[in-house]
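**Q** First to last, the protein sequences are chains A and B. To convert, note that position 106 of the first sequence is 106 in the numbering used here; the numbers rise steadily by one, no gaps. To convert, note that position 403 of the second sequence is 403 in the numbering used here; the numbers rise steadily by one, no gaps.
Since the hints were made in silico from the structure, they are not lab data. Ideal placement from N, C-alpha and C gives every residue a C-beta, glycine not left out. Just so you know, not all the hints are guaranteed correct.
What the hints assert, rightly or not - Heads up, simulated EDC-like pairs for lysine to aspartate or glutamate below, C-alpha to C-alpha not over 20 Å straight-line:
1. B:Lys-272 - B:Asp-199
2. B:Lys-604 - B:Glu-552
3. B:Lys-378 - A:Asp-27
4. B:Lys-617 - B:Glu-601
5. A:Lys-42 - B:Glu-552
6. B:Lys-550 - A:Asp-95
7. B:Lys-381 - A:Glu-28
8. B:Lys-557 - A:Asp-95
9. B:Lys-550 - B:Glu-601
10. B:Lys-567 - B:Asp-616
11. B:Lys-381 - A:Asp-102
12. A:Lys-51 - B:Glu-380
13. B:Lys-518 - B:Asp-535
14. B:Lys-567 - B:Glu-540
15. B:Lys-378 - A:Glu-38
16. B:Lys-381 - A:Glu-38
17. A:Lys-6 - B:Glu-341
18. B:Lys-617 - A:Glu-68
19. A:Lys-2 - B:Glu-335
20. A:Lys-42 - B:Glu-380
21. B:Lys-381 - A:Asp-27
22. B:Lys-532 - B:Glu-445
23. B:Lys-272 - B:Glu-201
24. A:Lys-6 - B:Glu-339
25. B:Lys-526 - A:Glu-28
26. A:Lys-42 - A:Asp-95
27. A:Lys-2 - B:Glu-601
28. A:Lys-2 - B:Glu-341
29. B:Lys-381 - A:Glu-106
30. B:Lys-604 - B:Glu-380
31. B:Lys-532 - B:Asp-520
32. B:Lys-381 - A:Glu-68
33. B:Lys-378 - A:Glu-28
Unchecked claim - Reference excerpt, derived from the structure (chain A facing chain B, CB under 7 Å, subset only):
34. Ala-18
35. Met-22
36. Tyr-33
37. Arg-59
38. Ser-73
39. Val-88
40. Arg-90
Listed below, chain by chain, are the residues.
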Amino acid sequence: MKARVKFLVGGVMVLGTAGYLMASSIDETAQYYLTPTELATKVSNNPRFAKTGVKVGARVVSGTIVREPSGTSLSFKMTDGAQVYNVVYRGIAPDTFTDGVDVVVEGRLDANGTFQATTLLAKCASRYENAPDKYQQTPGYKGAAAPRA
Amino acid sequence: MILIGELSLWVALLMAAWTTTVSFSGGMQGRQDLIKSGERAMYATFAFTLLASLGIWTALFSHDFSIKFVASYTSINLPKIYTFTAFWAGQAGSMLFWALILTMYAAIAVASNRNANRVLMPWVTGTLGVISLFFLMTLAFGANPYERLDWTPVDGRGMNPQLQNPGMAIHPPMLYLGLVATAVPFAFAIGALIARKLDTEWLGAVRRWALVSWFFLTIGIVLGMWWAYVELGWSGYWAWDAVENSSFLPWLTGTAFLHSIMIQEKRGMLRKWNVTLVVVTFLLSILGTFITRSGIIESVHAFAQSPVGNWFLGFLIFATTATVFLVSTRLNDMEAKAELESMVSREAAFLYNNLVLVGICFATLWGTLFPILSEAVKGEKMNVGPPFFNTVNGPLGLLLLALTGIGPLIAWRRASVENLRRQFIFPVSAGITVLIVLVALGMREWYALVSYTLAGFVMGTIVQEYAKGIGARRRMYSEGFFAAALRLIGRNRRRYGGYIVHFGVVVLFCAFAGLVFKKDVAATIKTGETLKAIDAYGHEWAFTSQGISKFEELNRKVVAVTFAVTKDGKSMGLLSSQKRQHVDSRGEPTFEASTEVGILESLKQDVYLVFAGALDKDTASVHINFNPLVWWVWFGGIMMAFGGIVVMWPQAQRAERESGYVTQLPAAREPALAGV
């Protein structure tokens, strides 16, 4: 057998293994990435879906954040404008987590329909910018009242 | 100066357009005057981009808040150093920074080839012109850093506290220096394709650029890990986040290229493959920028969503189409000059190395783009997380580590049984010894055991290679040990510098494997109380709370918790973690409070303290992590960078280096050691 052929056989084995690992671990680790509305639809179509671990992207409803003083647990409401879920998260919230930000939570619904989150990611519109439009609300800025399109 | 800068941006744009036009038409008609004009225009593009950048720096330092970019990312009380680095803190500025580096590289490439590679240069200059033109157009029309506000705020919004960190000050420039440097080899590949000059010559011109790119990417990635580790407070340094991945992808293909280039130099094989790697590396760095800028993939790093994403997508499609066309019409010019002769040869080991690197790259790309792919195919957005990347890339990474040890041991073309026996006996014994010792010490985690065994094997290879080289020099020139070691490296930087890089890789793998033994403790603790914990090494730690303090410094208000730490009863000093609330020049809070972790660093492990919050004035809630071997991640990164410098350092005898085929030293007696 020529070396080239042998090499190709070896290569196919390496890539095959990699491919197998990819395929099998995608099945095991891939998660649905849903909006609250999509989650609600899936659960009403198939109640057992509530037990599936999912990722949900939504916005924090302003004023609903309740932080445990210890800083290790908190609850809030999240929404995509239509469906609202209560969320309980045990862990340290990221520094960027605050009212009105977009969050990505990972976890599952419990029996009461509360979303038990195991991870919580928070996103600013731009993480590297301060709260957008903050100048307009802050007194002391010249022309702060000037309306912006 | 600001006005000059703003105008310069437009002049640079025109200059880039001129470079492109005259270089290509000069190349097509073979007119030297046009080619020269294109090269001068490339210098001018750089000069005006530099002026545009100086204009932004002037605006930043003069606090001209009528400019949106300045108002968005700085404030009057921002420390000077971060006012300087604010240049690349936001979208528009970092794009200008890209363009600045790109045109600088382009000018250097043009200048250093003014008497070399003359057949290729018109196309190279033209291609660099196209890329510069693209960036400058994106800047002028998509994300102009000179965009004005319609009023002038008294103070700017300030910089995100998480970016006020030395690592963040240097990490982006390093990454950009690395990503942008892939453009030069790409331009040479395009030039070689257009001119149909696909021999080894163009490779000589791009090897150093590929190294420069690899070097800066390596530093940039490791600095990014360091920043994430000390600043983000999640006690890890790599999360397989889309943005992290997008800097890792071109690094992988770039590394593959640096290895496969040797096969083409020595054996004339892999010509198509090398062109492909160079092109793909560039396209991946553009793709990475697209992912980062467009917000198309969920990432904690995401910049503001902006039209810039579409510009990048357009350019990506254009560049891919053009390259696929060029490569497919020139396949005949890239036939290999030699065939693989044996599976037991260095060529085969290198080919597998390439295969694995590209495999890791593909798996990472697949996982990163999976949300888009699954939505396109199944109509449902699915996500994969770190478990996916770890399951796939873990075994592939270990295979790569094994190849790092095997490659240097096998002879080119065909290795004899005798060669194999002689070369492998020491490294294999080294690996097995490590395994036996660790099992005897009670380690049972298979992933760590495999890692450390392979690490022992690769270290065996490196030590043996150095020992042989140094021994030969001592015999032939009767030099002392250190003189022989230094001269050995000096005379063959590429090879022995490469081994230093390999050493860094081994160290990194050992450090990664250490994470298997990570331990976490969470507690709520009052002043004076003591928290006890046992680490992975069996040491007993005690943390006694010294209380919570409040104070102000620089541009922030700080709440801090401090612990007196003892290990096995011996005092290790104080460890403190802070919550920082940054304020603007009027004392009003800006941004969310940020956490400053406390790290007690040692060679064995980091003790990593996160202050979660204060319940009352005496009670603090904290997380403490024992992260084994983290220090070695930074050390491994430094060794890789150092090895990179050794390889890049100009060789004294240029004539010898250029050929790259044979080096004098022990090569005559030992073909397996011929210079790589």
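**Q** If a hint holds in the structure, say so; if it doesn't, say that too.
**A** Here's how the hints hold up against the structure:
A distance of roughly 11 Å separates the Cα atoms of Lys-272 (chain B) and Asp-199 (chain B); the hinted pair therefore holds under the 20 Å criterion. With a C-alpha separation of about 34 Å, the suggested pair Lys-604 (chain B) and Glu-552 (chain B) falls outside the 20 Å cut-off, and the hint is violated. Distance hint between Lys-378 (chain B) and Asp-27 (chain A) is fulfilled; the C-alpha atoms sit about 14 Å from each other, no more than 20 Å. Proposed proximity of Lys-617 (chain B) and Glu-601 (chain B) is contradicted: the alpha carbons are some 28 Å apart, above 20 Å.
Of the pairs offered as hints, the one joining Lys-42 (chain A) and Glu-552 (chain B) is violated, with about 51 Å between alpha carbons and a cut-off of 20 Å exceeded. This hinted pair checks out: Lys-550 (chain B) and Asp-95 (chain A) have alpha carbons roughly 19 Å apart, not beyond 20 Å. Straight-line distance between C-alpha atoms of Lys-381 (chain B) and Glu-28 (chain A) comes to about 16 Å, which keeps the hinted pair within the 20 Å bound. The straight-line distance between the Cα atoms of Lys-557 (chain B) and Asp-95 (chain A) is roughly 15 Å, inside the 20 Å bound, and the hint therefore holds.
In summary, the hint linking Lys-550 (chain B) to Glu-601 (chain B) is not supported, as the alpha carbons are separated by about 25 Å, beyond the 20 Å threshold. With a C-alpha separation of about 28 Å, the suggested pairing of Lys-567 (chain B) with Asp-616 (chain B) is violated against the 20 Å cut-off. The hinted pair formed by Lys-381 (chain B) and Asp-102 (chain A) meets the criterion: a straight-line CA distance of about 17 Å does not exceed 20 Å. Distance check on the hinted pair: Lys-51 (chain A) and Glu-380 (chain B) sit about 18 Å apart at the alpha-carbon level, within 20 Å; holds.
With a CA separation close to 8 Å, the supplied pair Lys-518 (chain B) and Asp-535 (chain B) stays within the 20 Å bound. Note on Lys-567 (chain B) and Glu-540 (chain B): the hinted pairing holds, with a Cα-Cα distance of about 6 Å set against a maximum of 20 Å. Straight-line distance between C-alpha atoms of Lys-378 (chain B) and Glu-38 (chain A) comes to about 15 Å, which keeps the hinted pair within the 20 Å bound. Between Lys-381 (chain B) and Glu-38 (chain A), the direct Cα distance comes to roughly 11 Å. Compliance with the 20 Å bound is thereby established for this hinted pair.
Distance restraint check for Lys-6 (chain A) and Glu-341 (chain B): the Cα-Cα separation of roughly 10 Å lies within the 20 Å cut-off, and the hinted pair is therefore satisfied. Distance check on the hinted pair: Lys-617 (chain B) and Glu-68 (chain A) sit about 15 Å apart at the alpha-carbon level, within 20 Å; holds. At roughly 18 Å between alpha-carbon atoms, Lys-2 (chain A) and Glu-335 (chain B) fall within 20 Å of each other, so this suggested pair holds. Pair hint Lys-42 (chain A) plus Glu-380 (chain B) holds up; C-alpha atoms about 12 Å apart against a cutoff of 20 Å.
Restraint check for Lys-381 (chain B) and Asp-27 (chain A): satisfied, since their Cα atoms lie roughly 14 Å apart, inside the 20 Å limit. A C-alpha spacing of about 25 Å is found between Lys-532 (chain B) and Glu-445 (chain B), which places the hinted pair above 20 Å, so the restraint is violated. Among the hinted pairs, Lys-272 (chain B) with Glu-201 (chain B) is consistent with the structure: their alpha-carbon atoms are about 14 Å apart, no more than 20 Å. Note on Lys-6 (chain A) and Glu-339 (chain B): the hinted pairing holds, with a Cα-Cα distance of about 13 Å set against a maximum of 20 Å.
Restraint check for Lys-526 (chain B) and Glu-28 (chain A): the C-alpha separation of about 42 Å exceeds 20 Å, so the hint is violated. In summary, the hint linking Lys-42 (chain A) to Asp-95 (chain A) is not supported, as the alpha carbons are separated by about 32 Å, beyond the 20 Å threshold. Taking the CA atoms of Lys-2 (chain A) and Glu-601 (chain B), the gap is about 54 Å. The hint is violated against a cut of 20 Å. For the given pair, Lys-2 (chain A) sits about 8 Å from Glu-341 (chain B) by alpha-carbon distance, which is consistent with the 20 Å threshold.
Restraint check for Lys-381 (chain B) and Glu-106 (chain A): satisfied, since their Cα atoms lie roughly 14 Å apart, inside the 20 Å limit. Restraint check: the Cα-Cα separation between Lys-604 (chain B) and Glu-380 (chain B) comes to about 45 Å, which exceeds 20 Å; the hinted pair is violated. As the CA atoms of Lys-532 (chain B) and Asp-520 (chain B) are separated by approximately 12 Å, the hinted pair is consistent with the 20 Å bound. Between Lys-381 (chain B) and Glu-68 (chain A), the direct Cα distance comes to roughly 33 Å. Violation of the 20 Å bound is thereby established for this hinted pair.
Of the supplied pair hints, the one linking Lys-378 (chain B) and Glu-28 (chain A) holds, its CA atoms being roughly 17 Å apart against a limit of 20 Å. For Ala-18 (chain A), the shortest C-beta to C-beta distance to chain B is roughly 5 Å, which falls under 7 Å, so the interface hint holds. The beta carbon of Met-22 (chain A) is positioned within 7 Å of a beta carbon in chain B (closest approach about 5 Å), and the interface hint is therefore held. Look at Tyr-33 (chain A): its Cβ gets to within about 4 Å of chain B, closer than 7 Å, so that hint holds up.
For Arg-59 (chain A), the shortest C-beta to C-beta distance to chain B is roughly 14 Å, which exceeds 7 Å, and the interface hint is violated. At a threshold of 7 Å, the smallest CB-CB gap from Ser-73 (chain A) to chain B is about 10 Å, leaving the interface hint violated. Taking 7 Å as the C-beta cut-off, the interface hint given for Val-88 (chain A) is violated, the closest approach to chain B being about 16 Å. Look at Arg-90 (chain A): its Cβ only gets to about 10 Å from chain B, farther than 7 Å, so that hint breaks.
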